[in-house]
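Take the sequences, apply the hints, and build the full model.
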Amino acid sequence: MTTAEKYVAAAYGVFVGVLLLYIVIYSFKMSRLEREVRELADLAESRARASEPEREQAPAL
Amino acid sequence: MSLRNNRLGALALAAAALLSAGVALAFYWAPEDADQGFSQRIFYIHVSVALTAYASFGWAAWKALRLLWRRDERYDLESYTAVHVGVMFGVLTLVTGSIWARISWGVWWSWGERQLVLFLVLFLFYSAYFMLRYSTEPGPRRARMSAVYALFGVVLIPISFLAIRLAENFIHPVVFTREGPQMSGSMFFTFLVSLAGMVALAFALHQTELAGKRLDLRLQELRKALAS
Amino acid sequence: MTYLADVAALARKDLLLELRSRDTLPAMLLFVVSTLVVFHFSLPSGSSDLAAVGLLWVAIVFTALLGLTRAFVAEREQRLMDGLVLAPCDRSAIWLAKGLSIVAFLLLAEVVALPAYALFFEPVSGQMVAGILLADLGIAAVGTLLAAMAAASRARELLLPLLFLPLAIPVIVGGVGASVADDPARYLGFLGLYDLIFAILSWASFEYVVTE
Numbered sequence: 015m016t017t018a019e020k021y022v023a024a025a026y027g028v029f030v031g032v033l034l035l036y037i038v039i040y041s042f043k044m045s046r047l048e049r050e051v052r053e054l055a056d057l058a059e060s061r062a063r064a065s066e067p068e069r070e071q072a073p074a075l
Numbered sequence: 009m010s011l012r013n014n015r016l017g018a019l020a021l022a023a024a025a026l027l028s029a030g031v032a033l034a035f036y037w038a039p040e041d042a043d044q045g046f047s048q049r050i051f052y053i054h055v056s057v058a059l060t061a062y063a064s065f066g067w068a069a070w071k072a073l074r075l076l077w078r079r080d081e082r083y084d085l086e087s088y089t090a091v092h093v094g095v096m097f098g099v100l101t102l103v104t105g106s107i108w109a110r111i112s113w114g115v116w117w118s119w120g121e122r123q124l125v126l127f128l129v130l131f132l133f134y135s136a137y138f139m140l141r142y143s144t145e146p147g148p149r150r151a152r153m154s155a156v157y158a159l160f161g162v163v164l165i166p167i168s169f170l171a172i173r174l175a176e177n178f179i180h181p182v183v184f185t186r187e188g189p190q191m192s193g194s195m196f197f198t199f200l201v202s203l204a205g206m207v208a209l210a211f212a213l214h215q216t217e218l219a220g221k222r223l224d225l226r227l228q229e230l231r232k233a234l235a236s
Numbered sequence: 005m006t007y008l009a010d011v012a013a014l015a016r017k018d019l020l021l022e023l024r025s026r027d028t029l030p031a032m033l034l035f036v037v038s039t040l041v042v043f044h045f046s047l048p049s050g051s052s053d054l055a056a057v058g059l060l061w062v063a064i065v066f067t068a069l070l071g072l073t074r075a076f077v078a079e080r081e082q083r084l085m086d087g088l089v090l091a092p093c094d095r096s097a098i099w100l101a102k103g104l105s106i107v108a109f110l111l112l113a114e115v116v117a118l119p120a121y122a123l124f125f126e127p128v129s130g131q132m133v134a135g136i137l138l139a140d141l142g143i144a145a146v147g148t149l150l151a152a153m154a155a156a157s158r159a160r161e162l163l164l165p166l167l168f169l170p171l172a173i174p175v176i177v178g179g180v181g182a183s184v185a186d187d188p189a190r191y192l193g194f195l196g197l198y199d200l201i202f203a204i205l206s207w208a209s210f211e212y213v214v215t216e
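Protein chains in written order, with my numbering: chain A, 15 to 75; chain C, 9 to 236; chain H, 5 to 216.
The set of hints was computed from the structure by calculation and includes no laboratory data.
Please note that the accuracy of each hint is not assured.
Stated by the list, open to error - Looking from chain C toward chain H, a few residues come up when the C-beta cut is under 7 Å (computed):
| no. | residue |
| --- | --- |
| 1 | Ser143 |
| 2 | Ile167 |
| 3 | Phe169 |
| 4 | Ala171 |
None of the values given here were measured: they were computed from a predicted structure.
All C-beta atoms, glycine included, are put in the ideal place defined by N, C-alpha and C.
Here it is as structure tokens:
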């Protein structure tokens, strides 16, 4: 490969590299969002469970 | 707006197809330039990336204008994401431009390359955009300040270019020049395909990032609602 | 004509405050002269006289930054900004008033800086003065808006130079060109264009930056 060819390949390679890096960073963000969703789902579930016993008591009063 | 898989998927596919076609054309079909030889082929990626960066900044300014006009904070994320994509493509422009300078003249940087110098100035400007956002409390005021700044950016592009041209008369003499490739039809076609691919890619990245940011925002709101 | 009356009133307030507190302007004067002295030591012998011209412009820009950093400090610290914004005047009047006072400060700083420059380095030409006057307008126009932005952030003094310097590059090009070129008209015209465009833009967008 001549020098020119190497540099041209490097230029296109940098482009691909940056794109892949972007995907990697984005995947980290995605896993963080998934974790967030799981936590919020747990939170919502526990609140739903907490309010159930109150509803059962109400008719008795 | 959720991640509309159909539309975004189609967009990403189009980008992939166009870019692959562009690379193939650039390496196998486009004729070799008489003056610069093989190294001219960087033109297809370097100029495409540069023009896409300009387009992104313009898009960001448009969304910024809409935000100020409509006072709708929804445009803030769109503008911000467009600036982000623009800066990424700007960095790619600087790197590919530097590599091209290296092949052409043996130096990694040339102040005579107007496009490169312009992108350096823009890179500094839009980096400050992020500094501005990170050091201000989120809210309508930050959205408005970012929008005003994005508008300033797009006005700065032609003014900076003019300044750089004027500066050449008394700063470093323009030692290195490159003949703009006398573009034959096939070269131009290759360039158009590459450009279309880049723009499609930028738009796909923009939409993806926007969806992610919006999701993030919704989750924060949800968390606040559940905590109360 | 109440708009201009508002502007006059606000500008008077700023200048009177400065007259009484006397903190910003003396600092700017001392800073610009100190910088010129530093430049003497930073230029290796054999440097052309032209290098000194460039450095003068750098000194002016950084002195302006010093003044601009202080521009909204008083307002922020005493919550005056909320009062000003609530006042029944067009917000852009605040920009105009503050900008005019910045121009005043810059002119006063230059009244000291230019003789010092002529003393330390080389005589000041008419075209240089013209360039400086035009540049002051552009710097004040853009700088006032950016100072308001920086004042609203947490980083404040750190942020303003970052926001300002990229926008100052065309001003420096115009100014240095006007100072050294054989046909300064082109550069002075460019400075005028910069001033016009960015003054209009800053004037129009100031209210979006200051309201909550």
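If you check each hint against the structure, which ones fail?
-> Number 3 only.
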